[in-house]
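Protein chains in written order, with the working numbering: chain A, 1 to 203; chain B, 1 to 203.
Just so you have them, the derived chain A footprint on chain B, three or more residues with Cβ under 8 Å:
#1 113 to 121
#2 128 to 136
#3 148 to 155
#4 169 to 178
#5 182 to 191
Between beta-carbon pairs, the in silico distance windows are:
#6 A:PRO49 <-> B:GLN40: 28 to 34 Å
#7 B:GLY57 <-> A:GLY143: 55 to 61 Å
#8 A:THR72 <-> B:SER58: 43 to 49 Å
#9 B:ALA74 <-> A:SER37: 42 to 48 Å
#10 B:ARG26 <-> A:THR72: 36 to 42 Å
#11 A:ASP13 <-> B:ASP177: 46 to 52 Å
#12 B:ARG35 <-> A:GLY143: 43 to 49 Å
#13 B:SER65 <-> A:GLU30: 26 to 32 Å
#14 B:THR72 <-> A:ASP75: 45 to 51 Å
#15 B:GLU104 <-> A:GLY83: 44 to 50 Å
Please keep in mind that the hints were generated in silico from the structure rather than gathered at the bench.
For clarity, every value in this text was computed on a predicted model and none was experimentally measured.
Here a beta-carbon is modelled for each residue, glycine too, at the ideal position from N, C-alpha and C.
Protein chains: 2
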Amino acid sequence: MAVRAHSGRRPGDSGTREAIATAARRQFAELGYDRTSMRQVALEAGVDPTLVSHFHGSKRQLFLSVIELPFTPADVLPGLLAGDPQDLGTRLARFALGVLESEEGRSRMIGLIRAATSEPEAARVIRELITRELLTPLAEGIGSIDAPYRASLLASQFVGLAIARYVVAVEPLASRDPATVAADIAPTLQRYLTGDLSSWPLP
Amino acid sequence: MAVRAHSGRRPGDSGTREAIATAARRQFAELGYDRTSMRQVALEAGVDPTLVSHFHGSKRQLFLSVIELPFTPADVLPGLLAGDPQDLGTRLARFALGVLESEEGRSRMIGLIRAATSEPEAARVIRELITRELLTPLAEGIGSIDAPYRASLLASQFVGLAIARYVVAVEPLASRDPATVAADIAPTLQRYLTGDLSSWPLP
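The whole structure should be built from the sequences, with the hints applied where relevant.
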């Protein structure tokens, strides 16, 4: 995408920003965080390298602006959190399976995990993202004692399911029907949400 | 490591094999499965490229021979499986935390996860390895109905804990003391091992 030389508001601004984001998304996914460079992103997007930092700041900021959760927590959490708290584990398990059974959801989730395991810096960015957008709102919704810890335990089962069932494809977990898997992990999630944990009540 | 030109039994055979394995281990870990080549492994090991296939077969076989579980299941499982089946979840949870709290165990576990998420071929090799060496013996030890499925559910919580606590370092899970985390995931493991699952008893 060509960019005009004159300054001021340009009709191509949003197109340029989007072309950079598309190139960055592809390179982060295929090359990983470390081997993606601002210069190569600019080259692929067909823009001057200075525009990448103009529009997206640092490489870290660029990464943060192009990674995406497999869903938008603000759209989804209120609906999940409404209703009987004793069924929240079931609702979350069904929702998680629904996300991971869709090709786009699964691909985004695996992309996040791949980025997190490949580079400590990417892991840090992803931690900030999921803590802010997902775990903190979820913990506030749970409202129970030690809710942030409970939300992080829940995240551990969710990410483990994504890897064991969809990435490594461990059998028979990988081929078991989604409704069964959801039903079988739901009590795990429910205990993490509202059950007794070893550290609470305190001795 | 130099290799002598004459044939027959050479004193350097085991040294050569080990030099190749060391180079392969490093390159698989740092470059991933796809970008590791037999030729580059030979170069780093200082041996003729034909010796890599001579000693280790195909690239897939080379990968399989150098990846390592964070522990030796045959050494560990009998001890864990002995004792009260109703406490097996606790024993496995404590063992898992012990492995992941050690630097070498954690590093191997993360290496396996990184390889599995980076290449489908590596994921397949790892799936075969953990199924054969870990999940099948564990399922035989559990002996309950649907034991292979139970073992794979257990693996999902284990791998998720490794990623959430040690790779992404989600808080407060990452900084909670290991004994507390072991106690909090133990009931999850125990239910997967011996508890009711949705699919059993069959309706």
